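Participant: Protein sequence lines, in the order shown, are assigned to chains G and E.
Going by the numbering used here, the first residue of the first sequence is number 1, and it counts up by one from there.
Going by the numbering used here, the first residue of the second sequence is number 1001, and it counts up by one from there.
Since the hints were made in silico from the structure, they are not lab data.
Take the hints with a grain of salt, since some may be wrong.
To be verified - Calculated cross-link-like contacts (lysine-lysine; reagent style BS3-like; alpha-carbon spacing at most 30 Å):
#, chain 1, residue 1, chain 2, residue 2
1, G, 60, E, 1054
2, E, 1142, E, 1218
3, E, 1142, G, 398
4, G, 321, G, 265
5, G, 308, G, 366
6, G, 398, G, 179
7, G, 256, G, 275
8, G, 331, G, 321
9, G, 366, E, 1054
10, G, 275, G, 265
11, E, 1083, E, 1054
12, E, 1167, E, 1083
13, E, 1083, E, 1027
14, G, 366, E, 1142
15, E, 1054, G, 398
Stated by the list, open to error - Here are a few chain G residues that sit away from chain E, every Cβ distance over 12 Å (derived from the structure):
#, residue
16, 11
17, 21
18, 43
19, 120
20, 124
21, 145
22, 225
23, 264
24, 363
25, 380
26, 390
27, 399
28, 404
What the hints assert, rightly or not - Taking CB as the label site, the calculated pair distances span:
#, chain 1, residue 1, chain 2, residue 2, range
29, G, 162, E, 1139, 29 to 35 Å
30, G, 357, E, 1162, 48 to 54 Å
31, E, 1055, G, 104, 28 to 34 Å
32, E, 1056, G, 33, 21 to 27 Å
33, G, 336, E, 1059, 49 to 55 Å
34, G, 190, E, 1138, 25 to 31 Å
35, E, 1189, G, 226, 43 to 49 Å
36, G, 33, E, 1034, 55 to 61 Å
37, E, 1138, G, 147, 39 to 45 Å
38, E, 1021, G, 403, 25 to 31 Å
39, G, 333, E, 1189, 41 to 47 Å
Since this is a predicted model, take the numbers as computed values, not measurements.
From the three backbone atoms N, C-alpha and C, an ideal C-beta is built for every residue, glycine too.
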Amino acid sequence: MNPYLNVSGLDAATCAGLLGYSPRLFQEWAAGQQLIPPSIASHIASVLGVDANDLMAPPKQPVSVDEIEPAIWFKLRSENLGPADKELVFLVRQLGTFYEELERVRSQGGASGWQLAFLQVRQQINTQAPPREQGREAAQVLRSRMGWNTGRTGIGEIIRGSLRNLGILIVESPIRASKIEGCAFHVGDSQRPCIFVNNHGTTWFRRNAVILHELAHLIFDLPSEGASLDVYNHSPENEISELRAEAFAQEAAAPKEVLAHVAQKHGISWTAPFKVDDLATLVADTHVEPRLIVRAAIESGLLASTQKDVLLGLQIWDRLKQLSEHALSTKEYLEFVGQEESEPWNLRRNTTIPSRTLRLPVTYVKNVLEACEEGIISISRAARLLMIDEHVFLERFKMDHLLGAE
Amino acid sequence: MPSPPLLFCDSDCLIQIFMVNQVPLLKWLKTQYRVQPIIVPEIYSELSWNGRFKDQFDRPLRKAVSAGVLSIFDYFRPEQMPKHLSAPQAAIMAKAITDTGREYNLIVDLGEAYSHAACVHLGAPLLTQDTNAIRTLLDQGKPTAVPVLRVFDLLALAFRRGGISEKACDTVRQLLSQSTEFLPPAFRNASFTNGIKTFDARLYDESESTEPPPPCLKFNDPLFLSS
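Please model the complete structure; the sequences and the hints are all you need to start from.
Facilitator: Shown next, in the form of structure tokens:
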């Protein structure tokens, strides 16, 4: 087996199945019996995070895995994650690569403002400060730079758009079998940063915090570590990077001024006994989950720590659904917006080519379809980017009119 | 005008040829006109495993390659370039095809990107029915293969030159129609015999023209082969 193909810990047949190549041919490439074409080597290499030239001309001598294993696979191995997680990372990295390629043709190269933004944040914080303080400082710098501090309200509805404007790819997709909640890595020739959030069984409010948490990893940790992985219900308290990322997410989403402003706007007193309606309103307006609000309010001195359990015991969900459409389940949302309008997006986002199905983000599917309708990419390319067969593409999205006259 | 030495083939056309067991058509072309049907490795990969047909065509593909009916053009290896090129020219050509293929692959799929790239740099024709890909490339100012041929161009030429019977041609048409495969408009609702009367064929024997064949400048210009 080509050692560079082996680093993911997945066998050739699994890799072939996930990427949509012939298992026979993939095995022959892996065994060095056939030359891998540069285009295919480049695709596999971008998913694995290795150099395409190494795939095409692997060394004759045995190579230690430690010497060539990319950071993302090292992390997967060291976290003892299973095959499902490895397959997820494999597919997500492929999606990230496709996303990056699509952005390149759509925006003539894609935005690269993230480099300057990250540099400015790193330069303006005191790296000798405690990790949580570093995270808070960085969040304040970024909030100011991105204009997130205007209005003193929740930023959940704007973070995705403004991070994408910086050139950061954000992919939210449900992966039932995986323990991974979020990860961050670089994709493509331009090493564009990509944030993945597993949205299976989680809420939009939680995901906002996960995106910001991964953003902190992108700013601080990826330059040295190359990748980050976060697993459900597992936040190591003795790791600088995790403490910093957690504080960053909290301060970016729910700084004291936002909590105070939202409470004041709705006449909520931090010292009076909290009611369901109060907490639901805070969640709806700050766009983050109750746990984060409570922690932030206690740390900023707005709330007594004795109130923590009382607040977290409040059953706010029914009320929250009345206050924010973000609290609705997919089914409830479909009913809310009208089945007719949303039906195509709910059912037509699943991939069919990879051996493991991935549900693609709505924005990504829309961007691919738009690019195809505008003649920026061909039908077959659009199908490839959506990881479905061309016939499925034409049938699923009713794109026959693009075939045009012969 | 001599026949082009190579005819590059896209997956969609080869799938149709495998589907209707018409690999002999490629062999006939090679024997009759010394035109070698050839594919880039990306097409080989797409045919070995296809999202719709899985590995259905892997066996006939390998058989066609081992019999020499189909060749594989490893464009990234300078030693595979046409013999009349010097070593430095071959290296430049290999790089040019690789770079163009990479650029095209951002807007069209892998196989057709590298097939068009090879045809553009080698001046070779391409057997493909993906007009959407051609239009997408042209709309973005990218040159495509010239000319572009379809399976029915090959079939019609072979029929007119006695390489295949009318009955066999009609069977091909019926099988492709039943499989909801692409058919040129002239054959969609007509038998082969009736369809060929209105078919805008793009492939001819040079003896079928009374005038010197015009040069191919556009993708849908006709190509004249000399036997």
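Participant: Does the structure break any of the earlier hints, and which numbers would those be?
Facilitator: 1, 5, 6, 11, 12, 17, 18, 25, 26, 27, 28, 35 and 36
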